[in-house]
Every structure is written in structure tokens, then in C-alpha cells.
Amino acid sequence: MATNVLLQMKNIHKTFPGVYALKAVDFELKAGEVHAILGENGAGKSTLIKVLGGIYAADQGEIFIEGKKVEIKNVKDAQKNGISIIHQELVLVPYMTVAENIFLGREPMKGKFVNASKMYEEAQQLIDSYGINIDAKSLVRNLTIAQQQMVEIIKAISYNSKILVMDEPTSSISEKEVKFLFETMRNLTSKGVGIIYISHRMSELAEICDRVTVMRDGSYIGTKVVKETTSDELISMMVGRELKNYYTRDFQKDGEVILKCENITDHKMVKDVSFEVKKGEIVGFAGLVGAGRSEVMKCIFGLTKEYSGDIYIEGKKVVIKSPSDAIKHGIALVPEDRKLEGLYHIQSVRFNSTIEVLSEFIKGIIVDRQKEEEITQKYIDMMSTKTPSMEQAIGKLSGGNQQKVMIGRWLATSPKILILDEPTRGVDVGAKSEIYAIMNALAKSGMSIIMISSEMPELINMSDRIYVMCEGRITGCLTHEETTQEKIMKLAAK
Amino acid sequence: MERVANKNRKNRGTLLLNGIAQWLKDNLGIIIALVVLCLILSLNPITKNTFLTLKNIFNVLRQISTNLFLACGMTMVIILGGIDLSVGSIIALSGCLAAGAVVRYNLPLGVALFIGVLLGLVFGIFNGFVISKTTIPPFIVTLATMNIAKGLAYVYTGGSPVRVVTKEWQFLGAGYIGSVPTPVILLIVVLVVTALIMNKTKMGRYIYAVGGNSQAAVFSGIKVSRVKFFVYAYSGVMAGLAGIVLASRMYSGQPTAGEGAEMDAIAAVVVGGTSMAGGYGKIGGTLIGGLIIGVLNNGLNLLNVNSFWQYVIKGAVILLAVFIDYIRQENKDKIRVEKK
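Just so you know, the protein sequences line up as chains H and E, in that order. With the first letter of the first sequence counted as 1, position 364 gets the number 352 in my numbering; the numbers rise by one all the way through. With the first letter of the second sequence counted as 1, position 55 gets the number 457 in my numbering; the numbers rise by one all the way through.
Check before you lean on any hint, since a few could be wrong.
Away from chain H, derived, C-beta distances all over 10 Å, residues of chain E [stated by the list, open to error]: (1) I433; (2) Q465; (3) F541; (4) I550; (5) G614; (6) F710; (7) L721.
Heads up, simulated EDC-like pairs for lysine to aspartate or glutamate below, C-alpha to C-alpha not over 20 Å straight-line [stated by the list, open to error]: (8) E:K535 x H:E294; (9) E:K602 x H:E362; (10) E:K602 x H:E348; (11) H:K404 x H:E379; (12) H:K179 x H:D356; (13) H:K18 x H:E50; (14) H:K304 x H:D220; (15) E:K604 x H:E379; (16) E:K625 x H:E379; (17) H:K68 x H:E95; (18) H:K18 x H:D220; (19) E:K602 x H:E361; (20) E:K684 x H:E379; (21) H:K56 x H:E95; (22) E:K604 x H:E156; (23) H:K305 x H:E362; (24) E:K625 x E:D428; (25) H:K384 x E:D428; (26) H:K248 x H:D238; (27) H:K404 x H:D416; (28) E:K602 x H:D254; (29) H:K98 x H:D116; (30) H:K327 x H:E156; (31) E:K604 x H:D356; (32) E:K602 x H:E379; (33) E:K625 x H:D313; (34) E:K602 x H:E360; (35) E:K625 x H:D14.
Just so you have them, the derived chain E footprint on chain H, three or more residues with Cβ under 8 Å [to be verified]: (36) 115 to 125; (37) 469 to 480.
Quick caveat, the hints were computed from the structure, so don't treat them as lab data. We put the beta carbon where it would ideally sit given N, CA and C, even for glycine.
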């Protein structure tokens, strides 16, 4: 690891009306290191990054780059100082080619026209130099998410950045792609680039990061060398207290079979999938992204209409051709992509909480507002959702609280079978632990839960049994006692 | 028991007051615009004796009623994230068919009017069917039906108005119930029905849900195509109704009637604060939007402004109203971002 300091942020303060977002935050990045910033949602990570990237101006504090004091007032300043930020949401233009995206706004010119051949040549050279297998001429929309991320990174690097900020780059890519991303990152650090890495996934820290800085409530808590710390220590730094029983789970055995699926095939991705779920069980579904786990659930929930196979609920064969069929049979699905598939962003927590159970308080044109508020409050309390009021627009809540409303929405339907697709994605540590506790309580009360997750620790610690999928098929089923990360990986990559 | 009932009644009372307060707050910008417009017209020496008379006010309301019928349907359509360009042409066709039913086939008035509304419903159902069953954009679908309806109106009439001279015919558009013009009564009914659908029924919630995030609505088990179907059918019925009211007011079904009416309706909806992106909007805002456009039209006429210039002024006012709203939203968003 090189030792010269690339970036120093000293005593950074930032306030917004009514909120002290950053209080005397210090941060240091060395050349050639990957430095993680950890913290719950609202801890100030994003604000700090935005100050660095010139999106916000700090109220107070200094920034040094390679020892020289710099002023970063806007995005241009940041670029000039060799800072590139890869945001969580990808910002590529889908209907342009890879090369066009990389050189967007600074295309190589020949007189008044874009020199296309030179652009493609240079782009391809850049791509090849990182050993990435992407054609510079392909349209961005035809790439996988991981490939798009690579293009983002290459675009960022092509500005000759010395400092690269990555905001949750692995939240939407599979393990295999993560490996590749990490390789690319190592490749970069070996060339002296410093990388600031923001992630909620503790398990990635040990693999890729050298040091980690923890923030909480806008304050700097401390910086640790990753090799010399434990995830327990980091978690307690993040939440400010010893987080005992991070996973709550009373394992269950031998209930009656509630859901039985036989030979589910959707003629695209899902091939001959059979499984069963017992009363009060939490059944995990493991696999790489693209293994077909969500697609199986889409069949069972009636979102996919053209599928074959049989579904039995409590021993009776049922026909499910639409989500409303599924809801009628007591199935609920909290989808993977909260933003796209779950939230009505500009609507209130109340609207979002009760959309599945309108019949309980709307009869014709008579709305029982009191009943509606009771239902909303019940699930705010049950999920301990933090919201200023039930009229708050849900889009303004943190990811964890949004997810709690989503789960509450479906609990309101009193389902027998609750399907949770990536229930803790984009959810901070504290809220995660609360969601686990609620899942445990629900299972104990007799609800059956199916959990799809890409996070090994939560699968292993929460599931009574884990089905592993690979390329559309179930490749194995592991009981809680026999599950190990290695066994899952082996089955997932079969 | 009695105390509970009392409490409920009280709640309902305060709820209503809260609702009105909220409505004023939500629409503050455009309400001010409307009041300013009215003040100018009632203080201006040229118009002060004519504008604030009951006769003129009823006149304005009568004129805007057809636009607001359309705008009621259009509000739903736009909240749903769509657009309905066909309503203007449906006005023409439904008016012509209804007039033709009376003059050419000697059908009873009730049947003729029913035919007019039914025609609107048929077109609405067709729009709804194509839009909900395919992914063809509503803009294209309704652009096509706009032309079809307009063409059929010309084919049916041969290009000249179908005149109706009976007194009963005029009742709907030009008549009075008591001392209130019939279309104003109709307008109140339509506004109340639309507001009830949007605020009090499951369908209303579904419209906001589908417009806000149609993908999420699918995951919610909402039958999205049924919602779309309903909304476009409703918009069609509103256009059919506007058609017969206008034909009645003009003593004839005219193939040129309602030209550009879809744009006036869209303007009323957008000035009223409904988001073209879908998911957000209120019928109360549309009412004010329609009033602003109506008062403006009336004022410009009273002031004897050249009719060519009227278009320019109208366009500028629409832009200004939407711009004020845009600034307000921007400020709101800014506060939202900074609070994070």
C-alpha cells in the first residue's frame, strides 16, 4: 500500500435548515487504497461525498489534495481536481453506444464533426486495458447492470481521476460480477488511484477495503484498518450501542405443509422448479442474480401468466393467473425493486399502507377515514416505522422506513405466505435488525415466509431451510444445521 | 352512544373544514391569479358595469361548462399518466348525431341526447380498449380517434350544420332551471360525481396508484387495464355530454364544433396543478383552472380585445400560471432535498 496521502478533508461542517448534516468530519484517503465509509442511512455519508463532489458547498472546513489546499465549489472544480463519483443510480444514456457514453460531452472532433472512428478506437482501447469484454459499439441498454457499471467506471477513469468514489456499486449486481468489479478496483489501486467505497455490505469490507471510516448522525466516529477490526466492532460504532442479537430467530421444525409447488416452468427462465414451505417456516432462496429466483415467485404470485406447473395451498390445488388470485389465496409479495415495483412515491404513508385493503374501509363512496387511520397506525407501530406523520409522502422516508411500510402494506392483507424479495436491500443496519426480529415474530405466529436474498449472512442466520437455484433450476436444499456459505456457493455455481 | 355519534359528526364537520382549508392552500397560487383577474375586470372602467353582473357571471359559467366537462375526464386521464386528444372531435360528432336524430329521424329528444352521450361512451371504450390492451401510446391512439371522429362528423353532415329549431332542444345548453342556467346545474353535478369518484372510491385510489407507479400497481394486484378502460370511457362520456350541451346551445350540431377543445381542457387541467407526469392532481384545481380560462376569455371579449390577440394573451397567461406553480414546486423540492 502506498503511503502518500491523496485527499484530506478537515473539520467539515454542513448544515441544512433545521439539520446539522455534518459535524466536524475528518476524512483521509491514501493513494492506492480502498477506503470504505460506513454508516446508517442519514449518517452523513452521501452529504460528505456531495461536498467532495462539489454538489454541496461546506459551511466550514478545508479540503487538501496531495497536500495542496483546494476549493471545490462545483462539479467542474471536482473534476479538475481529479475527483470522479459513480452514483448509485446509473446515469448512462441507454440508447447510445458505450463509446458515445464514455466520451459524452467531450467527443474527439474532426473539424465540426465527431470523429467516430477515433472515438470507438479510443474507447475500445480503454475497455480492453482493463481486460473487460465489452464492445464499444454496443448500445448501453443491451448491457447487463454489471457491465453498465463497468462502463461507468471506465468513463470515470477516463477523466484521469485520481480519486474515485463508488456509492453502493454492488447493490444490484451478482456475486460473480462483484468479483469482477473487485478485480477492476484492484487494478486501479495498483495504478495509484484512491477509491472511496460506500456500501451496506459488511462482508465486502474484508475482501476489498484497506481502511474503513465510520460515521454516525453526521459525526466522524473513527477510522480503522479493516484487518484489525471485526464486524461486531464496526456495527456497534455505527449504531452507537452494542447490537446484541443482530439476528433474532427461533428455528422451527415440522409444521404442516402450507405451500407446495410442483414443476413450475415459465418457458423462459424457470425450469421445473418444485419446493414446499411449511407453516411457520422461513425458507430462503439463494442463488446468483439471474438464477431465476424472483421469476419463480412471479409465477406463484400470478405476475407471469404463461407458466406451467401446479401450486397447492394447504393441500388444495389452486389456479393463480393474476396477483389478485394470489392475494385471494393468502399470498403476499414484497418486491425486490422497491422504487420501481412497490412505492407510490408522491403518495402518503397512509395511501401506501392501505392500498391492498381498501375494501375494509371504502364501501361505494363512503370512506371510513377513522378505520383507515387505524389500519395505517397499526402497521406503523408493528413495524416501528419512523415517520413524522401518516400523511408524509413515502418518497421522503429513508430506505429502511420505506421497506417497513412495504412489508406492513402486505401484512395488512393477513397473508398465509409472505414472499420477501431482497427484504433488506438498501436498508441500514438498525432497521435490518428490526426487520429480522419482525420476520421471526411473524414466523412464530404461524406465517410462512419465503425470503430471496443475495446476502449470505442473512440467509444463513434466518432460514429454516435454503433452496439454492442455478440457471433456473433448484440445485439443492439445505437445512439450517447443514448450511454453510461454501455449500451454498457450490450449489449456486453448479 | 349519543356522545360517539356527536363526536363523529363533529369530526366530519372539522374534516370538511380541513378539506376546504387544504384546497385553498393547495391552490393558493391559482386562486390568487383568479381573484386578481376578477378584480381587474370589476375595477376597470370599461368592464366594471358589465363584468360583475349576475347575467355575465352565469354567461361565463355557461361558456366554461363544456370545457369543464372535458376537463373532468381529462383530469383523470392525465393523473393516470395519459392524454385524450379525441374529446374535441367527439364533441362535434356527438352533437351532429344527436341533432340528426331529432331532425332527420324524428326521434324523441331524450333518445337523441342519449345517442350523443352513447357515442362518446363508444369512442371512450374504444380508446380504453386499445390503450389498455396494447402498449401503443395514448397520444397516438387518441390522435387517431380524434381524426376518425372528426371525419365521421363531416361525412355525416356533409360539412354543413344540422339545425334544430325546437325550444326543447335548447333547454340543455341555453335554458334555465329556476334562474340558473341548465349547463351550470349539470356542471355542478358532474364536478361532484367526478370528485366523489376520485376521492371516495376504490377506483379513485387505483387511478392515483396506476398514474403514480403503474409497475407497482401491477404488483399490488390492481387490474391496471380495467382502470385505464374506465378512465378513458369516462372521458368519452364527458365529451359526449359536452357535445350535446354545446349543440343545444348553438341550436345545431356542427362538424366544426369543439375544434381545439381538447387543448383548452388540457390547459384547464394543467393550470389547475395536475402533473402531466401522472400520479398527482385534484379536481378542485381543475375547476379553478377552467374558471381562469373562462374569465379570461370573457374579460378579453368585454374589453373588445382583437380576437387574434386573444390567443396570444391566453397562451401567455397559461404559461404564467403554470410557471408560478412550477416555482412553488421547485421551492418545495429544495426544502425537501435539504432536509435530508
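_Violating hint indices (sorted, rising)_ = 5, 11, 12, 14, 16, 18, 21, 22, 23, 24, 26, 27, 28, 29, 35, 36 and 37
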